[in-house]
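Peer 1: With the hints as your guide, set chain B onto chain A.
The chain contents come next:
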Amino acid sequence: MDAIVVNQLSYSYQVSGRQILKNISFKVAPGEIVALIGLSGCGKSTLCLCLGGIIPHYLGGELTGRVSVNGKDTKEYKVAQLALEVGLVFQDPDTQLFSPTVEDEIAFAPENLCLPVEEIGSRINKVLDILGISALRKENPNRLSGGQKHLVAMGAVLALEPAILVLDEVLAQLDPVGKKTINDILLDLRQQGKTILIVEHDLETVSIADRVLVLENGLLLRDGQAETVLADREFLLRHKLECEV
Amino acid sequence: MFSANGFILRVLSVKRGWLMAYIELENVTFCYPGQSRPVLRDINLSIYKEGVTAITGANGSGKTTFSKLLIGILTPTKGWIKLNGQLLTSLTLAQIGRRIGYVFQNPGKQLFCETVEEEIAFGVRNLGLGLSTDQVAQKVRMVLDYFELTRYAQVYPLSLSAGEKRRLAIAAVFVLEPDLLLLDEPTTGLDPYRKKLLGDYLDKVIAAKRGVVIISHDQKFISRYATRLIKLQEGQFVEE
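Chains A and B, in that order, are what the protein sequence lines are. Residue numbers for the first sequence follow our numbering, so the first one is 41 and each next one is one higher. Residue numbers for the second sequence follow our numbering, so the first one is 124 and each next one is one higher.
By construction, these hints were calculated from the structure, which means they are not laboratory data. Being a predicted model, the structure only gives us computed values, none of them experimental. Heads up, the beta-carbon is just placed ideally off N, CA and C, and yes, glycines get one too. You may find that some hints are simply not true.
What the hints assert, rightly or not - Some chain A residues close to chain B (C-beta under 8 Å, calculated; not the full set):
hint, residue
1, Ser80
2, Pro96
3, Lys280
Next comes chain A alone, as it looks inside the complex:
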């Protein structure tokens, strides 16, 4: 079974009425790392929100077509149920963090799944450890720096151990050490058969992906092997996905 199936997906926001996604179809197999790239405003974050079910459940608007994650149609399942399949790390961690301490933030989802206390404790320790943020355990997430907030948001999602992970520009704000940490985690998760979708602008960051999807003005412009797409400089330059500085 495919981990992600997006079939003829179109979406317009309620407020602006702008159609952001236009008839998009693709599938992602379990254990694949897929990168989603494209110019600002092309619909990348909107697509992430569709995968987590935030669209259409919370944001309204008009959605046609079908999105399913691990066989669950996002229209038919609640966001809380979908969260067991898809871990979504938002672009702006402030929209995601709400607990008084880092530890509580990470414990929140496992606690609400009613996991045994020992299991929750060991998940917290594990996540803090692999992200290298054990020292921040008792800190208030709101007082952390931008990059640290991203790591905590990532931790809160990893603690759920979802089969599918969606990261919306999480790496962009991290220092080189943080980037390397996340990179290693992603490669490790792939080994375990998890499916990962990352949104990034930096083509170097994207190079860990197996496959690259390119969005342009809401259309899926290209879907190909990462090696092929990233080596096609003529294509990347033509679509402003790479620029000589």
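Peer 2: Just chain B now, kept in the frame of chain A:
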């Protein structure tokens, strides 16, 4: 590479011998209320109204805190900061804002107008820059155009995508043409093409003898545009 860069840095530092510091920090220590360990310790630093000063450092090293001190949102626990020879504490935030244009790390925090056009016009109109209505309109048009926001002129800023919000926040500050631009992670959320637009704009700013301070993890961007590199490490600056 060492020789070329080293030579340029040498020339710059000689030049700085007679160039007056635009911002001066002396023995600046900052500690958040209720915390025992200071984020920044005994910092002595001069920032000049020239070139691009890049500030790097690990996540949580205090880069954003430092930038908030420079524009007076935070006040040092110890030590003092002078802007163009005047103590920062003797100036109002508006007076500081006329000289230093600050783009927040999270652009959503600085957008509040009804439309993109209003957002860009707000500072130009209200910071007391003494411009006529026509001059304001012309500046706004130019910036909208440069940052490719013209088609969103009448759109609600917070409905834009993250990258577009960032471009708007940058545009709303750039239009003020302050002496010094202070940009906290400005390339986050920008696609490569817009990064280049930003960089080209910085080149123009520098050519106009204004300065830029940029906080960033974006190695590629820094290595292309920075003229001075300082790293924040354990609460102190190390010049690189």
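Peer 1: Would you mind marking each hint as holding or not holding in the structure?
Peer 2: Hints versus structure:
1. Taken as an interface hint, serine 80(A) checks out: its beta carbon lies about 3 Å from the nearest beta carbon of chain B, inside 8 Å.
2. The interface hint given for proline 96(A) is broken, as the beta carbon of that residue sits about 17 Å from the closest beta carbon of chain B, more than 8 Å.
3. Interface restraint check for lysine 280(A): the shortest CB-CB distance to chain B comes to about 4 Å, inside 8 Å, so the restraint holds.
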